[in-house]
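Use the sequences and the hints to build the structure in full.
Line order of the protein sequences matches chains A and B.
Residue numbers for the first sequence follow the working numbering, beginning at 1 and rising by one.
Residue numbers for the second sequence follow the working numbering, beginning at 1 and rising by one.
Some hints could be false.
As the list claims (entries may be wrong) - Here chain B is said to cover these stretches of chain A; the calculated rule only asks that three of the stretch's residues, wherever they fall, bring their Cβ under 8 Å from a Cβ of chain B:
hint, stretch
1, 56-70
2, 100-110
3, 113-120
What the hints assert, rightly or not - Using C-beta positions, here's what the derived DEER-type ranges look like:
hint, chain 1, residue 1, chain 2, residue 2, range
4, B, Leu-261, A, Ala-237, 52 to 62 Å
5, B, Leu-266, A, Leu-144, 31 to 41 Å
6, A, Thr-138, B, Leu-266, 36 to 46 Å
7, A, Ala-233, B, Glu-186, 45 to 55 Å
8, B, Val-141, A, Glu-126, 34 to 44 Å
Read the hints as simulated data drawn from the structure, not as lab findings.
For glycine and all other residues, C-beta sits at the position ideal for the given N, C-alpha and C.
What follows is each chain in one-letter form.
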Amino acid sequence: MDTGGAPGPASGQAIIQVRDLVKTYRGGVQAVKGVSFEVMKGEIFGFLGPNGAGKTTTILVLITLLESTAGTATVCGYDLAKAPDEVRIRIGYVSQDIAVDETLTGRENVALQGHFYHLDRPTIEERSREVLEMVDLTDRADSLVSTYSGGMRKRLDIAEGLIHRPSILFLDEPTLGLDIQTRTRIWEYVRNLRDREGITVFMTTHYMDEADKLCDRIAIIDHGEIVAIGPPAELKAGIGGDLLLLEVDGRPAPGKSPTGEPDDAGKAVAARPADASDEAATAAASDEAAKFGDFLRGLEGVTKVSTADDGRWMLVVKGGEEIAPKVLAAVSGQGLVVRSLAMKKPTLDDVFLHYTGRALREDEGASGFLRQRMSLRRARM
Amino acid sequence: MNASLGLSGVGGKKTMSRTFFGDTWWVAWRELKHFVGEKIRILMILVQPFIWLALMGNMFEKMASIPGFPAKSYLDYMAPGVVTMVTLFGGIFGGMSIVWDRRLGFLNKLLAAPIARSAVVSGKMLAISIQSALQASIIFVIARLMGVSFHSGIGGAVMVIVLAALLSLVFAGISLSFGAMIRSHEGLMAVMNFFTMPLMFTSNAMMPLSFMPPWLQTVAKINPLSYAINPMRTLFLTGWNVRELVLGVVILALVAFLFGLLATRLFKRSMA
Numbered sequence: 001m002d003t004g005g006a007p008g009p010a011s012g013q014a015i016i017q018v019r020d021l022v023k024t025y026r027g028g029v030q031a032v033k034g035v036s037f038e039v040m041k042g043e044i045f046g047f048l049g050p051n052g053a054g055k056t057t058t059i060l061v062l063i064t065l066l067e068s069t070a071g072t073a074t075v076c077g078y079d080l081a082k083a084p085d086e087v088r089i090r091i092g093y094v095s096q097d098i099a100v101d102e103t104l105t106g107r108e109n110v111a112l113q114g115h116f117y118h119l120d121r122p123t124i125e126e127r128s129r130e131v132l133e134m135v136d137l138t139d140r141a142d143s144l145v146s147t148y149s150g151g152m153r154k155r156l157d158i159a160e161g162l163i164h165r166p167s168i169l170f171l172d173e174p175t176l177g178l179d180i181q182t183r184t185r186i187w188e189y190v191r192n193l194r195d196r197e198g199i200t201v202f203m204t205t206h207y208m209d210e211a212d213k214l215c216d217r218i219a220i221i222d223h224g225e226i227v228a229i230g231p232p233a234e235l236k237a238g239i240g241g242d243l244l245l246l247e248v249d250g251r252p253a254p255g256k257s258p259t260g261e262p263d264d265a266g267k268a269v270a271a272r273p274a275d276a277s278d279e280a281a282t283a284a285a286s287d288e289a290a291k292f293g294d295f296l297r298g299l300e301g302v303t304k305v306s307t308a309d310d311g312r313w314m315l316v317v318k319g320g321e322e323i324a325p326k327v328l329a330a331v332s333g334q335g336l337v338v339r340s341l342a343m344k345k346p347t348l349d350d351v352f353l354h355y356t357g358r359a360l361r362e363d364e365g366a367s368g369f370l371r372q373r374m375s376l377r378r379a380r381m
Numbered sequence: 001m002n003a004s005l006g007l008s009g010v011g012g013k014k015t016m017s018r019t020f021f022g023d024t025w026w027v028a029w030r031e032l033k034h035f036v037g038e039k040i041r042i043l044m045i046l047v048q049p050f051i052w053l054a055l056m057g058n059m060f061e062k063m064a065s066i067p068g069f070p071a072k073s074y075l076d077y078m079a080p081g082v083v084t085m086v087t088l089f090g091g092i093f094g095g096m097s098i099v100w101d102r103r104l105g106f107l108n109k110l111l112a113a114p115i116a117r118s119a120v121v122s123g124k125m126l127a128i129s130i131q132s133a134l135q136a137s138i139i140f141v142i143a144r145l146m147g148v149s150f151h152s153g154i155g156g157a158v159m160v161i162v163l164a165a166l167l168s169l170v171f172a173g174i175s176l177s178f179g180a181m182i183r184s185h186e187g188l189m190a191v192m193n194f195f196t197m198p199l200m201f202t203s204n205a206m207m208p209l210s211f212m213p214p215w216l217q218t219v220a221k222i223n224p225l226s227y228a229i230n231p232m233r234t235l236f237l238t239g240w241n242v243r244e245l246v247l248g249v250v251i252l253a254l255v256a257f258l259f260g261l262l263a264t265r266l267f268k269r270s271m272a
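Structure (structure tokens):
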């Protein structure tokens, strides 16, 4: 596991410290397989990973709703296992469920939450005004939540998580199922919380752009393990440069294709002229591909050559703008035809691919789940 | 608690009992808000007793002429039965709210707060018993308006309401125990439906014990419903019987407390 980027425990500013945390559910499913990380005071820290990677489980352990199976964790200086109530009063939690009460007004929802944190009435009144203002709900504060839009409900939920002025706010998939304008607004609120109120934010997301734009540091989590941790820019730089995606006639990239039919395209092209033996042709094609790969690898500025998710050649190069024309010239010089050449800056998706060998796709499962929840909520009315 | 900081003074052992009662109240407050928000339900609560009393009263009117029947009219006999029946239905579905809260994620939010864990159960029980007390008062007034006789004055009326509230706590405790274990409302509904009719018909809510076969009489004697109906009926038909009343209150309170403990335990386990 790469823990690069995380300052050591000696820095003295870590507000969350997690060591070898394991959570195995009663059925035997191990959702978290020994993660260690630290969250610094005042940062926006993100857990990025696909659905089912163990993000929510980690949050539920950190907010004292689930007991860990093994490992230790301290939040705000208190051990989760020994002083859960001390932790609870210092943290706020906003789940992915948008768990606001429809039969109450926005203000009543916030006030009720204040009572659950044992604040007295004048404090609740004052803070309710404050947090509702913070999420721009002052105008609608006294309307029933059943009349709120999805985005308003989410904002109200965040306001509720702030009523007791927590040191850390836990946000589980804060923009799940929200439209793009609402997402951008939620990001703004989260940034303001950190910048103006100095609140540390621990969030999970499976949206790469969200992790990239919002988080100071992220941990990439897959199958219950942290595979990389650090600031998004650093993680992307860790790939080693820009990416060139190349397609060359008669020289398909070798190996894995996401459809599970390796070298299918290559076979079709290479097999036709040499009718004699398909196998021999395939071998020849892959031999040619390997040679061409070595040729690419030998070019100036190219540090890594592999096959992209969509079957194109993927080259990691230092300074894509200068290297791209050189690659084009070199390949043309071999008498080959370049069908396409694209350059892109690495994204967190590439980082995820780099560490896990898989693409982090935004699957429909999550929003389908949310739709079901929303319809359930309507059914309840 | 220090208002300016807002955080201090919470979580210490010595404040635990204070937070338990406060937390219980706020959990109950939310449930009561739901109750008040449902206009149709309140309408039904007002209409239902009329239907029950008018329909059942007329249907079984002849029973009062059977020798050995303990009341002058079946309506008089039936009124406390209707109070307990409505209380049974009100309490037995109390577990639904915990299933909903779990499903909608509200339960997690509640438990992320520093509230006493047991307050989740006790708050819901309190809300149900307040609703049942309210319903019992309404039925009582309607029954009196329909000419049902009553022989123990204002104090007796208060005791009828207290008995109904205690009885609803018993059923709420049972329902919440199942609600803590069963994750779907369909499942819980099925289990609770399984309970209601047998509980009803193995009690003397509708029919005197003496009209039942001996084995059914034995079942009726351990049915918690009987501990509410018997003293309630005495208050309606004859007047005060302190011994019976105290026995009823003590037994109901004890059973309610035990089911409350069980529900709390099962609930805590379900969150691990």
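So, going through the hints one by one against the coordinates:
1. 56-70: Holds: 6 residues of the stretch 56-70 of chain A have a Cβ under 8 Å from chain B.
2. 100-110: holds (count 4)
3. 113-120: holds (count 7)
4. Leu-261/B to Ala-237/A: 52 to 62 Å: Given range 52 to 62 Å: holds, Cβ gap about 58 Å.
5. Leu-266/B to Leu-144/A: 31 to 41 Å: Once the Cβ atoms are compared, 33 Å apart, the range 31 to 41 Å for Leu-144/A and Leu-266/B holds.
6. Thr-138/A to Leu-266/B: 36 to 46 Å: holds, 42 Å
7. Ala-233/A to Glu-186/B: 45 to 55 Å: Once the Cβ atoms are compared, 50 Å apart, the range 45 to 55 Å for Glu-186/B and Ala-233/A holds.
8. Val-141/B to Glu-126/A: 34 to 44 Å: holds, 43 Å
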